[in-house]
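If you read the protein sequences in the order shown, they are chains A and B. Mapping of the first sequence onto the numbering used here: position 270 corresponds to residue 271, and the numbering continues sequentially without gaps. Mapping of the second sequence onto the numbering used here: position 54 corresponds to residue 697, and the numbering continues sequentially without gaps.
Rather than coming from a laboratory, the hints here were simulated on the basis of the structure. Heads up, a few of these hints could be off.
As the list claims (entries may be wrong) - Quick list of in silico lysine-lysine cross-link-like pairs, DSS-like style, CA-CA up to 25 Å:
#1 B/K741 with B/K717
#2 B/K717 with A/K13
#3 B/K669 with A/K47
This structure is a prediction, so every number in the text was calculated from the model and none was measured.
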Amino acid sequence: MDDQYIFVEHDKPFRYEDGETIVTRGSAWSAPGCHLGCGVLIRTDKQGNLIDVEGDPDNPFNQGRLCVRCIATKEAVQSPYRLQYPMKRDKAERGNPDAWQEISWDEAYDTIIEEFNNVKENYGAEAVTFWEGTGRDISAWISRLAWSFGSPNFLPSLNGLACYGPRVYGCFTLSGSFWVGDYSQQFADRYDNPQWKCPEVILVWGNNPVVANSDGAFGHWATDCMKRGSKLIVVDSRCTWLAAKAEVWLQVRPGTDAAVALAMANVMIEEDLYDKEFVELWCTGLDEYSANAANYAPEDVAEYAWVDADDIRAAARMYAAADGGVIQWGVVLDQKDEAIPSCQAVAALMMITGNIDNPGGMIKPPEVLMYLNGWGAELLPEEQAAKKLGPNKYPFYNAGVAVAAADVVIEAIETDQPYPIKAAWIQTTNLLACMGVDPERTLEAFKKLDFIVGVDPYMNPTLQALADIMLPVCMFPERSGIRCGDGCQRIETINKAVDPGNTKSDMQINLELGKRFNPEGWPWDTVEEMFSNIYGSTGLTFEEAQAAAPGYMPFEYYKYKSGKLRPDGSPGFNTPSGRLELWSGMMASFGLDPLPIYKEPSVSPYSTPELYKDFPLVLTTGARRWNTFHAENRQTPHLRAMHSEPAVQMHPDTAASLGVSEGEWVWLEGPKGTTGDVARAKRVVEITPIIDPRVVSTDHGWWHPEGDPKKLYDVMDLNINKLMPWGCGPSGIGANYKSLLCRIYKVEERNSHV
Amino acid sequence: MSNRAMLVDYEWCTGCHSCELSCQMKNNLPVGQFGIKITEIGPWQYDDKKWQYTYVPMITDQCNMCADRIEAGKMPLCVQHCQSGCIEIGDVEQLKLKMTNKSKQLLIQP
Ligand code: SF4
Ligand code: SF4
Ligand code: SF4
Chain A
2 MDDQYIFVEH DKPFRYEDGE TIVTRGSAWS APGCHLGCGV LIRTDKQGNL
52 IDVEGDPDNP FNQGRLCVRC IATKEAVQSP YRLQYPMKRD KAERGNPDAW
102 QEISWDEAYD TIIEEFNNVK ENYGAEAVTF WEGTGRDISA WISRLAWSFG
152 SPNFLPSLNG LACYGPRVYG CFTLSGSFWV GDYSQQFADR YDNPQWKCPE
202 VILVWGNNPV VANSDGAFGH WATDCMKRGS KLIVVDSRCT WLAAKAEVWL
252 QVRPGTDAAV ALAMANVMIE EDLYDKEFVE LWCTGLDEYS ANAANYAPED
302 VAEYAWVDAD DIRAAARMYA AADGGVIQWG VVLDQKDEAI PSCQAVAALM
352 MITGNIDNPG GMIKPPEVLM YLNGWGAELL PEEQAAKKLG PNKYPFYNAG
402 VAVAAADVVI EAIETDQPYP IKAAWIQTTN LLACMGVDPE RTLEAFKKLD
452 FIVGVDPYMN PTLQALADIM LPVCMFPERS GIRCGDGCQR IETINKAVDP
502 GNTKSDMQIN LELGKRFNPE GWPWDTVEEM FSNIYGSTGL TFEEAQAAAP
552 GYMPFEYYKY KSGKLRPDGS PGFNTPSGRL ELWSGMMASF GLDPLPIYKE
602 PSVSPYSTPE LYKDFPLVLT TGARRWNTFH AENRQTPHLR AMHSEPAVQM
652 HPDTAASLGV SEGEWVWLEG PKGTTGDVAR AKRVVEITPI IDPRVVSTDH
702 GWWHPEGDPK KLYDVMDLNI NKLMPWGCGP SGIGANYKSL LCRIYKVEER
752 NSHV
Chain B
644 MSNRAMLVDY EWCTGCHSCE LSCQMKNNLP VGQFGIKITE IGPWQYDDKK
694 WQYTYVPMIT DQCNMCADRI EAGKMPLCVQ HCQSGCIEIG DVEQLKLKMT
744 NKSKQLLIQP
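With the hints as constraints, model all of the structure from the sequences given.
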C-alpha cells in the first residue's frame, strides 16, 4: 500500500452487525444517478433487505449529510417501477408495452452477441453505436465495451458535448489541466487542514451548487465556506438563495456570460487590478488578451447583457482583490453554441488573478482514473478509430476528445452517410426525455435501426419506444464498484449490501458481455478483479480499498512552481509554451479563435430580432430542482411530491401581461433554433420575482412514469428539448440549451390535441 | 427528556428539504405529513439591491425528537442530514446559552 495515501480511521469494519441488522459503509454512486457519491451507511436485515440509508458522519466528503435524493434511496430501490428481469420484444412491436417477454440473462446475451456480430460482419463494428448518459457510473465501462467490440462510436447522447466537456477542454487548451474550486475536499481533515485557506471570494457562475451538487462538488461546501467567511459574487439570470446572500449579483441575460467575463477582465486591466507578478511569470498572451478585452467596456456589455455596469465593476474589483478566489462555474457556460469562448473567458479570470493551484483558489483535481475520456482506448484498432463520426466536421474531435459527435451520428443514421448505422446500445440515458435534443427527429432516426438494447433500472420513454432487449440494472446498494467520477477523486468504494434479485450492475453486464466479445480485452473473472486492476496504481486491491476507504491522494499546492504539472518536470504548466495561454495557440491550430470572442446566442433578441417579435421572451432551461437528477426520480413518490410537474418561472409582470396565474398549465412555444421549425412543451406557471420580466426559466428532463406507455409517458408534451435542433457551434463543443426564445399561451382543449 | 429543544440557525437554512424527508423516511410518514417542515419567507426585493430570502424549519407534533437515535448515541436524523448544519437538538438550557452567541437563530421548545 502506498503510504502516502491518507485514510480515514474507522473503529468498525466496512460491514458490521448492529443488533439484528447489518450496516455497510460505502459510497452512493449510482443508480440513481448523481455526480458525487457521498459517503453512506446502508442498513439491511440479515436477508439483505434494505432498511434504510443514512449519511456517513465519518466520511470527509459529506460529513454525514445527504441530499433528498439519497435520503429517498429505499423508495427508489423498492419501487414497483423497477425492472426485475431481462426482456425481449419483437422489433415489429417497438412501442408496445404489452409485447415484452421475460427471458434469461443467457438468452439476452446470446441475442445481443448474435445481432451485434451480424452487424459487424455485414457493415463493420462502427455500425453499432454505444450511447451513455450522465451521472450513472458508466463512462469507463461503456467505452471499454464499445472499443473492445471494435466500434469507435461511443458517445453521450448530448448535443455538442454541452456539459462539462467545454469547461474541461477549454481549460486544457489554455492551461494543460482542469481546475476546480478549493473547498478542502482533497484533504481527509477538510476544513482543519493547515495548508488549506478558506476562499475569500466564491464567484458562482451559472451554477446553483446547493441544489445541483454537480461536477464532484457537494454544493453545501459553499455554505460551509460562507460560515467561515467566504463572500459571494453570483452570476445568474435568477436570484437564487445564494444570489440573495451575495455581495454582488449579476442578473445576466442568458448566454451573455463570455461578454460579462470579458468586461470584468476589461476592468481588471484598466484599473490595474490583475496579479501582475503572476501574469508576468506564468502567463503568455497578455497583450493580445488585453487588446481583446478592451472591446468589452462595462457600459457596452451592460446594455446587451441586461446588467448594471457598476455591478460588473464591483464584481471585477472584488474577485481581483481576493486572496483565494474560487470560480464555481456551472453547465451554463457549456450550453451555448460558442461554449469554448465562454469557458475561455471565465477561465482567464482565474489566470490573470493568480487563482490557479493556490489555497482557496482553483486546484487541479487529484485523479485515480482519467474517466472522462473513457477506458480501454488501446483495444480499438487504429483503422476502426479512424472511422469515428465527428472529426471530419469538428476539429476538436481529433484532439483529445475520445467520443463521437452525437449530431453527426444522428445524421449518419438518417442518411447512411458516410456509412450505415444499424444498432444501438443505450445504457444510462433516456435520450428522448433529456440530454438529447429534438426528440421527434431522434425517435424517427432510431426507429431505422435494426437492433436496440436498453440497459436501465426503470422503463423509460426512450426504451419503451425503441428497445428490442431490456437489461435490468441494479442500484448502488445492490452492487460493488469504485467511485472515480468528476472533481477531486479519492479512493472510495461502492459496497454491495442488498440482494439485487435478478438485476445486475452496469459494470457486471459490460464485463460479462465484453468477455464474450473480446476475452483478451476483459481478462477478469469478476468485477472485483477488474476494480483491483484499475486501483493498481494505488497499490490496493479492491478488497483492501473497501476496508480502508475513503483514502486521499497526496496533495500539494503551487505544483507549477515545483515542476509537478509537467511530464518533463520543469516548472510551469502543461501547455506548449509552459505558461497559461491567454492567447491560445492550440485553439488557433484547430482553426478556432485563439482569444475569447463574444457571440450572441443562435437565437436571441439581438441575433434574430424578427423571431424575437413573434417569440418575445428569452427562455432558459435546465433549472435544477432539489428532488430530481435530470430525467430521473420521477417514480419516487416522496421526491415527486416536492415538485411534481415541470414549471416555468416567470416574473409577476410577465404573468400579468400574459394573463396567466400560478399553477396554470401553459404551452411554451419557440423556434427550433434557426431551422424555421417551431415546437412546444407544456409547463405549470410559477410566479416569482427572482427573474427578469423579459426572461422565463424552466426545469428539464420531464416525463410521467405513471402516464400511458403508448403515449411514451407524455414525453413529447413535456420535453423542453423539443425547442432545440441537433447541431452545434464551429468547435463541435457546446450547443444551445440555455438561451432560447419562446411565447407562452394557456393550455386549452382547442389547442392541445397533440 | 422533556426539556429537549431545537435550535435553528436560520441564516444558513437553504431550504434543501433534507430534514423533512429524513423524518418522513425514518417515521414512515406519508406524502404530505411531516415531523419537521420548512417555510419559505421571501423571496422579495427591497432597498434596490437587497433580498429577503429565508427558510425556517419548524418541528411538528409528529416529531419525537429521535429519542431512539439519541439513546443509541447518534444524532437525530434531520440534524445529521441537514446539509448546511443549521439545526441542533439538545437541552434547552444549553441551547439558550448558544442562542445568545449569534444572531438569526430560533429556539423551538416543543
Ligand atoms: S449529492 Fe445527493 S444524490 Fe448525490 S450522492 Fe450525495 S446525497 Fe446522494
Ligand atoms: S428529530 Fe427525528 S423525529 Fe424529530 S423531526 Fe428530526 S428526524 Fe423527525
Ligand atoms: S436540512 Fe437544514 S438546510 Fe436543509 S431545509 Fe432542513 S434545516 Fe434547512
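Hints, one by one, checked against the model:
no. : hint               : in the structure
1   : B/K741 with B/K717 : 21 Å, holds
2   : B/K717 with A/K13  : 15 Å, holds
3   : B/K669 with A/K47  : 19 Å, holds
The structure agrees with every numbered hint stated previously.
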